[in-house]
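**Student:** Protein chains in written order, with the working numbering: chain A, 83 to 267; chain B, 132 to 346; chain C, 4 to 203.
Hints are computed from structural coordinates only; laboratory data are not their basis.
A virtual CB, placed ideally from N, CA and C, is assigned to each residue, including glycine.
Be aware that one or more of the hints could be misleading.
[To be verified] Residues of chain A placed beyond 10 Å of chain C at every Cβ, according to the derived structure: (1) 99; (2) 151; (3) 239.
[To be verified] Ranges between beta-carbon positions, derived for each pair: (4) B:204 x A:255: 50 to 58 Å; (5) A:125 x C:43: 25 to 33 Å; (6) B:276 x C:41: 47 to 55 Å; (7) C:183 x A:239: 22 to 30 Å; (8) B:165 x C:40: 38 to 46 Å; (9) C:8 x A:229: 18 to 26 Å; (10) A:131 x C:9: 25 to 33 Å; (11) B:165 x A:248: 18 to 26 Å; (12) B:309 x A:109: 57 to 65 Å; (13) C:137 x A:90: 35 to 43 Å.
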Amino acid sequence: MRQGDSDGVLVQRVLQGDTEAYSGLVARHRERGGRFAVAMLGDPADAEEALQDAFVRAYRSLRTCREPERFGAWFLRILVNRCRTRGAMRRRSAAVFVQDDVALERAAAPSVAEPEWREEIARALAQLDAMQREAFLLKHVEGMEYEEMARLTGARIPALKMRVKRACDHLKVLLREVDDARVRS
Amino acid sequence: MNARPLMLALLSGALMLPQAARAQTQRLAGRLPEHARAEVAALIDSARGEGLPADPLVNKALEGASKGADGARIVAAVRALASGLARARAILGAGATEPELVAGAAALRAGAPSVFVERLRRDYPREPLVVPLAVMADLVARGVPADTAAQSVLALVRAGVREAELVAFRQSVERDIALGAPAGAAAAIRVNAAERDLGATALLPGQVPPRPRKP
Amino acid sequence: MHGSAPDPLIARVADALRRPAPLTPDFDVRVMVAVRQAPPPLPLRAWTWLREPRVMAVSPLSGLAMAAGLAGILLVGAVGRQPSAVSRQEAVSRQPSAVSGGAAASVTFVFVAPAARSVALSGDFNDWDASRVLMRREASGLWTVDVPLTPGRYRYVFVVDGRRFVADPAAPRAVGDDFGTPTSVVTIGGGGTRAAGGSL
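Isolated chain A, as found in the complex (with noise of 0.2 Å):
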């Protein structure tokens, strides 16, 4: 693969038959796939296994991507949906965090180091709703415009917004006592 070939060239060389040229987008998009589906789905090897599954989904219908220079925001939406679809089959099996434990367990720790602040977090995630984390991630931490974000998930923009408030609000709450403690530190 050619350094700074852009998606648009990646894509059309690999309809044309060159395989190969398709690492170059998986390459490019891998990381922020992987962060969002690890931050969705909270397990790595879930993620793993969602974002190489969407891989290889959008690879069979990359004819499909009308606009090849947006591949990553086509890729995502793909990525999107495939954490859904894991994450309703894990929620059903995975133990469901009871608020008051999470609370309990916050009050024993004294000091909050780096790694522990991350855990913290991935524990929060979890205990939004689905929906909420979704759109918390796609505007926060992608920094997508609610346009965008309408446009992938096909929801509202009132209705998107309410979502990352939501979900804004319910992870200060989960949040808050950990943070000060950390930035106390």
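Assemble the complex: chain A is given as a structure, and chains B and C must be docked to it using the hints.
**Tutor:** Just chains B and C now, kept in the frame of chain A:
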């Protein structure tokens, strides 16, 4: 026949790009009389504008087309389904998936009291409700009174049944009815049996449902 | 960035989440292996509706891992004859096909019609186009076809000899028929786990 729209629908589920949306209404081309197609497309656009899924509406139109129904009947059916989906969404919430809305609309149309659907969603905000709603609808279609069907499903869900067990319950009830049992009695007996098996007791009105169990 | 300034705590959370997630070192390799094995993105291949049929399937609900189900048998005679009485019998499902939540599960549809010349399946999952899903006839007069279905609720009918719409006697009926012919429904759930939360 071009399978591209179906592929898109299967891949994207509830997520829709504008080109996918156009592809959906293209599925109607050549299947419906033109005036009906235009009316249905308008209904679908308006439904989509309200955030309702378009696929079920397209399917309903195609069902009518394949059965040779006249345009007016098709339009009426699509309109009825759109309002059914809207009603389901009002109860199940904006986060409801397309299958949940379809199953919810079916359950409500079957006569499931909306309070039961509300309770199901309120008590289990994170669980997919497709199967409980579908079983509710299927039981009513089989002759179980709507209240009984809804209460049975709610009781079983609270008792912690698996989706497969809900389906088994429905099949047992159908078997009993086929063998001559009155529909309502069949359902009631099977619910009690299922709850006994699970060691659960039915909730009294006003009781809070049990928390999901931790390992 | 845009709009009002984000809450500082939220900003810290987002920062932490923006770190790239560690993927296993051979992730790229594994993806490309899968990609090379996949059919290329040529003009879209339609799902192959017609496949090798599973032998002796039960109702469409075999996909929900049921130990026992109803097998409906409707004998459809030649033109003009009324269907004979429906006899229901219990049958053990041989291969409960697992439903992996979200992914398409293979559902087998079965219809008994020894005298039919053709039987097709028409429903929500194939644009109600009976010409797309022709069922395969077994020696015994059983007609079958496998269809991949993602979780959801699908209406369908069998189309006998190209013109007669027959509901599936083994399946639940659709609620209220809009077009004057009885319609069947199949529901695919997400995997048979606890409907009320908690762990398995």
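**Student:** Could you run down the list of hints and mark each one as holding or not?
**Tutor:** Here's how the hints hold up against the structure:
1. 99: violated (7 Å)
2. 151: Residue 151 of chain A clear of chain C: closest Cβ-Cβ about 17 Å, beyond 10 Å.
3. 239: holds (13 Å)
4. B:204 x A:255: 50 to 58 Å: Roughly 52 Å apart at Cβ, these two residues keep to the hinted range, so it holds.
5. A:125 x C:43: 25 to 33 Å: 32 Å Cβ-Cβ, so the 25 to 33 Å window holds.
6. B:276 x C:41: 47 to 55 Å: holds (50 Å)
7. C:183 x A:239: 22 to 30 Å: Cβ of residue 183 of chain C to Cβ of residue 239 of chain A: about 41 Å, so the range 22 to 30 Å is violated.
8. B:165 x C:40: 38 to 46 Å: holds (45 Å)
9. C:8 x A:229: 18 to 26 Å: Taking Cβ atoms as reference, residue 8 of chain C and residue 229 of chain A lie about 21 Å apart, which means the hint holds.
10. A:131 x C:9: 25 to 33 Å: Holds, since residue 131 of chain A and residue 9 of chain C (Cβ atoms, about 32 Å apart) stay within the stated range.
11. B:165 x A:248: 18 to 26 Å: Given range 18 to 26 Å: violated, Cβ gap about 45 Å.
12. B:309 x A:109: 57 to 65 Å: Distance hint for residue 309 of chain B, residue 109 of chain A holds at roughly 59 Å.
13. C:137 x A:90: 35 to 43 Å: holds (41 Å)
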